[in-house]
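Trainee: Going down the list, the protein sequences come from chains A and B. Here our numbering is used: position 294 in the first sequence is 294, and no number is missing along the way. Here our numbering is used: position 344 in the second sequence is 344, and no number is missing along the way.
Check each hint, because a few of them may be wrong.
What the hints assert, rightly or not - As a list, the in silico EDC-like pairs of lysine to aspartate or glutamate whose alpha-carbon atoms are at most 16 Å apart: (1) K162/B x E161/A; (2) K162/A x E161/B; (3) K205/B x E193/B; (4) K205/A x E193/A; (5) K5/B x D28/B; (6) K5/B x D93/B.
Said to hold, decoys possible - Some chain B residues well away from chain A (every beta-carbon gap over 12 Å; in silico): (7) G52; (8) A88; (9) D184; (10) P231; (11) Q343.
Source of the hints: derived by calculation from the structure; they are not laboratory data. Owing to the predicted nature of the structure, the values given are computational and were not obtained by experimental measurement. Yeah, the Cβ is synthetic: ideal placement off N, Cα and C, and Gly gets one too.
2 protein chains.
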Amino acid sequence: MTRRKISILGSTGSIGENALRVIRNLGDDFQVALLSCRNRWESVLQQARNFGVDTVVITDPGAARRARQEAQGVRILSGREGLLEAAARTDIDLMLNALVGAAGMEPTCVALSAGVDVALSNKESLVMAGDLISRIRQQTGAHLYPIDSEHSAIWQCLAGEKPEEVRRLILTGSGGPFRTRPLDTFSRISVEEALRHPNWDMGAKITIDSATMMNKGLEVIEAHWLFQLPPEQIDIVVHPQSIIHSMVEFVDGSIKAQLGVPDMKIPIQYALMYPRHAPAPWERLDLTRVATLTFEPVDTERFPSIRLAYQALARGGSAPAALNVANEQAVYRFLQGDLMFTQIPDIIANMVEQHPWIPHPDLDDLRQLEAEITRQVQEWPGQKS
Amino acid sequence: MTRRKISILGSTGSIGENALRVIRNLGDDFQVALLSCRNRWESVLQQARNFGVDTVVITDPGAARRARQEAQGVRILSGREGLLEAAARTDIDLMLNALVGAAGMEPTCVALSAGVDVALSNKESLVMAGDLISRIRQQTGAHLYPIDSEHSAIWQCLAGEKPEEVRRLILTGSGGPFRTRPLDTFSRISVEEALRHPNWDMGAKITIDSATMMNKGLEVIEAHWLFQLPPEQIDIVVHPQSIIHSMVEFVDGSIKAQLGVPDMKIPIQYALMYPRHAPAPWERLDLTRVATLTFEPVDTERFPSIRLAYQALARGGSAPAALNVANEQAVYRFLQGDLMFTQIPDIIANMVEQHPWIPHPDLDDLRQLEAEITRQVQEWPGQKS
Chain A
1 MTRRKISILG STGSIGENAL RVIRNLGDDF QVALLSCRNR WESVLQQARN
51 FGVDTVVITD PGAARRARQE AQGVRILSGR EGLLEAAART DIDLMLNALV
101 GAAGMEPTCV ALSAGVDVAL SNKESLVMAG DLISRIRQQT GAHLYPIDSE
151 HSAIWQCLAG EKPEEVRRLI LTGSGGPFRT RPLDTFSRIS VEEALRHPNW
201 DMGAKITIDS ATMMNKGLEV IEAHWLFQLP PEQIDIVVHP QSIIHSMVEF
251 VDGSIKAQLG VPDMKIPIQY ALMYPRHAPA PWERLDLTRV ATLTFEPVDT
301 ERFPSIRLAY QALARGGSAP AALNVANEQA VYRFLQGDLM FTQIPDIIAN
351 MVEQHPWIPH PDLDDLRQLE AEITRQVQEW PGQKS
Chain B
1 MTRRKISILG STGSIGENAL RVIRNLGDDF QVALLSCRNR WESVLQQARN
51 FGVDTVVITD PGAARRARQE AQGVRILSGR EGLLEAAART DIDLMLNALV
101 GAAGMEPTCV ALSAGVDVAL SNKESLVMAG DLISRIRQQT GAHLYPIDSE
151 HSAIWQCLAG EKPEEVRRLI LTGSGGPFRT RPLDTFSRIS VEEALRHPNW
201 DMGAKITIDS ATMMNKGLEV IEAHWLFQLP PEQIDIVVHP QSIIHSMVEF
251 VDGSIKAQLG VPDMKIPIQY ALMYPRHAPA PWERLDLTRV ATLTFEPVDT
301 ERFPSIRLAY QALARGGSAP AALNVANEQA VYRFLQGDLM FTQIPDIIAN
351 MVEQHPWIPH PDLDDLRQLE AEITRQVQEW PGQKS
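Make the full structure from the sequences, and use the hints.
Mentor: See below:
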């Protein structure tokens, strides 16, 4: 068996590190050909040495300069150009995109355009450019393999099934840390409180998205593009234990669910090895120890981001991209401590409403829209400054 | 599309009636060619008129005689010979076997031998003659489609998956009405108490099997033959709400589950329409209304039948058949009020232990074994007489 060549964008984050653990466990299946990070140059060089990787992208130019001094034969690309050059490499069999935020969108488009299959953790790719990505894939035939635990669950439940026999997708969400917090205290939510997630260990941006439940809203949009179903056929159920990762209901009333311990290595490995379940030694689920699974409807008064996401998806065109950029920038300002938690949805609603709507945005349109909304959110009056 | 010809053995029971509801809902997919019952001749004649069925088997000779007087052109077969004649009909595309107990075994073997596909609700067929049925199917290529909700769940979870990637099957069981009853009161369990099942509406024999959890033990044996996995790879988890119907764990730690309202029409329809999920208007599951699913280990001190079933499966040969016949006859005596609830497992253990064990029983062996164990259980000293 020849080893498949894989590149990992965002290799020093939580998904990237788990992907390397999965690849190590798989043994000879993959050759890691390229890694990328923003500025954690020492970590990425260590990863490169451990996996015999000859090329590394470090997008932060200063970090790239420092890395070159210690590179010991590893080729260092830098900047956004370096990242896009890496994404365009046609000798790669599979690109794992674990970048965070809108920055991940263009590499996904570039790789798919080059005919390279993509294992996608960067949900913003599909949220912002779902329509464009569908068109690219039709042209090149490149595959897209979801890594999000929810979409991996749905994908697994659809194995051997016909899309036209699906009645609806049911995305589960933990409800985050504020599921039961009194609503009138939401404006006082601190960054520290919002960063405490009960079930998953993720990066800061995604953890805040989980606290606002925008994460789930983005996943509805992502599911729409991955599984080609209209918003009315995509539901959300709050499931605080995060054991059932998502479900599919069929037209005969039968429901299939995928479950397991909250461990991203399982969906990562499935995306890498699809359609195989390859043996893995990770911790196994013992339902008798978990003992209780609960389910609640989602409360869109508490989590207005969900409603905003459905509205943006229904409006289509550039609306989901505007939603995503506005959310991302608002979250960064919240993390910096100069916005209230409750301002995040207000800003998003305003940006989606006010932005110059485009029916079929191309990459240039999306880049411009990103720049413009980023600027506007940065200028939004803060409440703590 | 030509209508597929179906015969339904045991059409006046709960599964048979639900099967007719499913067929009615499907419209033109099936032509009901034959029905059978033991003695409810008025019901079966009514069903025959409703579905334009020309042949009916009534195994009780007295009931068959009375039915002939009102048959109005419907051909009436009677006795065990009539049933086996019906099972041997090669013009039938699918035989649904909803007979209860050991009596269902031979028709399954006869139909499969004739190359007729069987939708199997009669779990005793595989419990008693699993080895023989495997050999018959290899010869004729006839298919076996499970109807038990647990096995249907596993079957659905295996769609599109490779058997060698399965780590284990996880059968769920409600735990029945005595899951939390003080163990020292088990000898005083009345027939009425044992007939009250919290989740499913079934016949009396199966309801008692659910109360002893022998039902789950028989299902382990059935699963072994259906999915070709050793007993060590078949587990049981108690799940009182009966919403998750069963699960499959794969070697990568991913688990798939099938769930739904406790409605046998769903697995019946899946067996009839496999591999399709056909549209159906039955009640749908709303997990936010169910709200809580719980899971516990199975307690084999409380439910010794489970242990007996695993032991019989491990011993193989005629042991599972002996277990099944002993259980069936002990349950009938319990239902008649002349055995204590706790005598059921005692009798089973004794019969499995004492019967003349045969490594590869054929139909004649199984018939003899059935007659002999039936006689012995009937002679077992009762505790209430």
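Trainee: Let me make sure I understand: some of the numbered hints might not hold for this structure. Which ones are they, in numerical order?
Mentor: Hints that this structure does not satisfy do not exist here, as all of them hold.
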